[in-house]
Amino acid sequence: MSEETRVHLSKSEPTAYKALAAFSAAVGKIATANGVEARLSELLQLHISQLNGCAFCVRVHVDGAMKAGATADEIAQLATWRESGVFTERERAALELGEAFTFIHEGGIPDEVYDHVGGILSEEEYTAISWISVSINAFNRVAIAGRYPVPPRASSAGEAAA
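Per this note's numbering, the sequence shown runs over residues 1 to 162.
There's no promise every hint is true.
Distance condition first, Cα-Cα at most 25 Å in a straight line; then the derived DMTMM-like pairs of lysine to aspartate or glutamate [what the hints assert, rightly or not]:
no., residue 1, residue 2
1, Lys-29, Glu-89
2, Lys-67, Glu-96
3, Lys-67, Glu-91
4, Lys-18, Asp-63
5, Lys-29, Glu-91
6, Lys-29, Glu-123
7, Lys-18, Glu-37
Just so you know, the hints here were simulated from the structure itself, not pulled from any lab data.
All chains should be built: construct the whole structure from the sequences, respecting the hints.
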């Protein structure tokens, strides 16, 4: 199949995609109920999307993170969160757990990650971060497989003058 005729999973089987969207909505409710605020959820989903190379989801979650109050500096520092001082210990634990879920095929959640993160996050936060990670990894795979387009955005007059 050529790129032009690549199967778009959400359009080809909308029932499954709607179920995935409903799952994601349920995960969002769990996250909120378990004390994971929208800003952290969006930063986590953005970072996992970066790790997976999902340009479509990166765009979605940059927008979401900014709307939820993340700063441009925090977004820029995500790729280097281990070396950066802009994230709290709790945020760093969430990012570490999200990475472990993203690379779960490399031996599961390592005991040292589980123990370290478990010493920082509550069980409720751990559960919410885990489900957020599962959800965004699923969406990344759908978007990457379908090569969902990410066209340039129209620049505003302010951006053109900068």
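Hints, one by one, checked against the model:
| no. | hint | verdict |
| --- | --- | --- |
| 1 | Lys-29 / Glu-89 | holds (23 Å) |
| 2 | Lys-67 / Glu-96 | holds (23 Å) |
| 3 | Lys-67 / Glu-91 | holds (18 Å) |
| 4 | Lys-18 / Asp-63 | holds (22 Å) |
| 5 | Lys-29 / Glu-91 | holds (19 Å) |
| 6 | Lys-29 / Glu-123 | holds (16 Å) |
| 7 | Lys-18 / Glu-37 | holds (24 Å) |
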